[in-house]
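Here is what each chain is made of, one letter per residue.
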Amino acid sequence: MKTQGATTKRDGRWLGLYVLAYLVFLYLPVLLIPLFSFNDSIQAAFPLQGFTLQWYATLYGNPALSGALANSLVIGVIAASGATLCGITVSYMDLYGRSPLAATISTIARLPILIPGVIVGISLLILVNLIGLGPSRVAIVLGHILVALPTTVVIMRSRFAAIPKTIREAALDLGASDWTTFRRVMLPLSLPAVLSAFMLAFLISFDEFVVVFFLAGTEPTLPLYIWSQLRFPRSLPTVMALGTVILAASFIIAGTAEILRHRGLGGARRNPA
Amino acid sequence: MSTLVASQAPETRSASGFRFAMLLPGALVTFLLILFALGLVLFLAFRGNDGSLLGTGFNLANFISVVSDPLYGTVTLRSLVIAGLVTLATVVTAYPVAYYLAFHAGRRRGLLLFLVTLPFWTSYLLRVFAWKIVLAYNGVLNSALIESGIWSEPTLAFLNTPAAVVVTLAHAYAPFAILPIYVALDTIPKSLLEAASDLGARPFTAFRRVVLPNSMPGVLAAALVVFVPTVGDYVTPAMVGGPSSTMIGSLIQSQFGKANDWPFGAALSVCVMLVILLVVLVARGADRRFGSRT
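So the sequences go chain by chain: A and B.
Quick note, the first sequence lines up with residues 624 to 896 if you use my numbering.
Quick note, the second sequence lines up with residues 419 to 712 if you use my numbering.
If we strip away everything but chain A, and leave its shape as in the complex, we get (with noise of 0.2 Å):
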């Protein structure tokens, strides 16, 4: 039987309508979005005008568009893949290293989540400038890959710890090198958290704007087009579109992440975080 903490089932009745009008908050502000982007009106008001597509028919043929979009992309795919396999090391390594460098590498990744994006945005800008890069894609990729590593180190870090440890250590006593232990063993076994942090990491790439703001050069992001859009009340409604095509390729590939993420090791899994 489920303990009900200190509560009785009426109480939870109470707490669920609760969590109902909570969840309603949540989502309401963000589907107004796509709400108004099928609205045949520039202005995003009620009462509703009718039903359109024009906004989307907008999308196509528009280079600055498609220009950042391919940008978003790249730059995704390349970071995703920097910070997850970063992840994968340093979340290795403590757990299985015994050095008090790995132990302290662990630390200072997840260190991100304590210093507010304008920060890291800056420190970047600094840095790039120093090193003579100057603020450019390969910029925008190093600081995708610091802001998705906390989130990597941490979905990675808790799959290697629910692999019972039996199961490295037959490995070992088996003869295979640690290098062989990793590759064949560790890796296989958790190759769904590796997808999945990966395509977390992408999407914390994707939409990416408090950074990147600092980073960009001459090509923008997505989110810094839609930023440089939002000025003109005229093309709000396009954004609204794009708004919408982006949101449900998030909500699509943060789904699909969380399906690869409890997938496999069936009774050996344990509670995720």
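These are computed hints drawn from the structure, not numbers from a lab.
One or more hints might be untrue.
Partner residues are not named here, just some residues of chain A that face chain B (Cβ under 8 Å, in silico) [claimed, not checked]:
id, residue
1, 734
2, 735
3, 756
4, 759
5, 761
6, 768
7, 802
8, 846
Here's a subset of chain A near chain B, in silico, CB distances under 7 Å, partners left out [unchecked claim]:
id, residue
9, 732
10, 747
11, 769
12, 869
Predicted, not measured: the structure shown is a model, and the values here were computed from it.
Note that CB positions come from ideal geometry on N, CA and C, so glycine has one too.
Chain A is already provided as a structure; the job is to place chain B on it using the hints.
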């Protein structure tokens, strides 16, 4: 066959080679991109602005002007109040949700956990933008109120106020608060709750004396992950706040943009990090106090 081929090359690698390769990516990112970059900010904060990348001289002039100009005191105080209100609002509203998830959700738990964390993975910019269209003069809220006959005239009172910043930030960071509290509640040993009720504690007493103190580490962690990004935010004040709700993040951003005084912006950043350090230490202290009591 494939096993043989694949395992041959790695066998020859030494254990130290493996360790080096595994530590390298993390070491590069953490030491160069985090520690060295933050060190640069600290260094720059003590330099004078001469238009060059790393400035000139070495003095406290930036910090003296931060302290002596009342503008920065006002803006810092405003940032702290706004971030404090946002933190309070998100944690208080998130607690019952986390409580329901931990004790009442049953089979729906997985789905609900997914639903409350999903907005976390959607664009922050779009979530803030959604509030702009809600609060605008000719926006959703005004038009809905007029349409329903509650008001006859649209009002300017929603957008460009500190209240708009608080509501928007509280909404944007709501998903951050639930998970830490949920984890803390979920890991309370069930025997503690049974003991409380066996010993005759009323439900509310059991909640106040057993559940709440035991979940405090989660509450403090939630407060921290909401407070840190909100105190330095510059996007929301720019989108829905107007000039009356400029925050410290906006000032830092303008030093690296229009104002173009990087050393001064670095000094402001150092001050923000000091404030955050102070908050972390206070939270640590509170955590220890609650930890020792239970």
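Against the structure, the hints:
1. 734: holds, 6 Å
2. 735: Since chain B brings a Cβ to about 7 Å from residue 735 of chain A, closer than 8 Å, the hint holds.
3. 756: violated, 12 Å
4. 759: violated, 15 Å
5. 761: violated, 12 Å
6. 768: Since chain B brings a Cβ to about 6 Å from residue 768 of chain A, closer than 8 Å, the hint holds.
7. 802: holds, 4 Å
8. 846: holds, 5 Å
9. 732: holds, 5 Å
10. 747: holds, 6 Å
11. 769: holds, 5 Å
12. 869: holds, 6 Å
Hint compliance for this structure: hints 3, 4, 5 are broken, all remaining hints hold.
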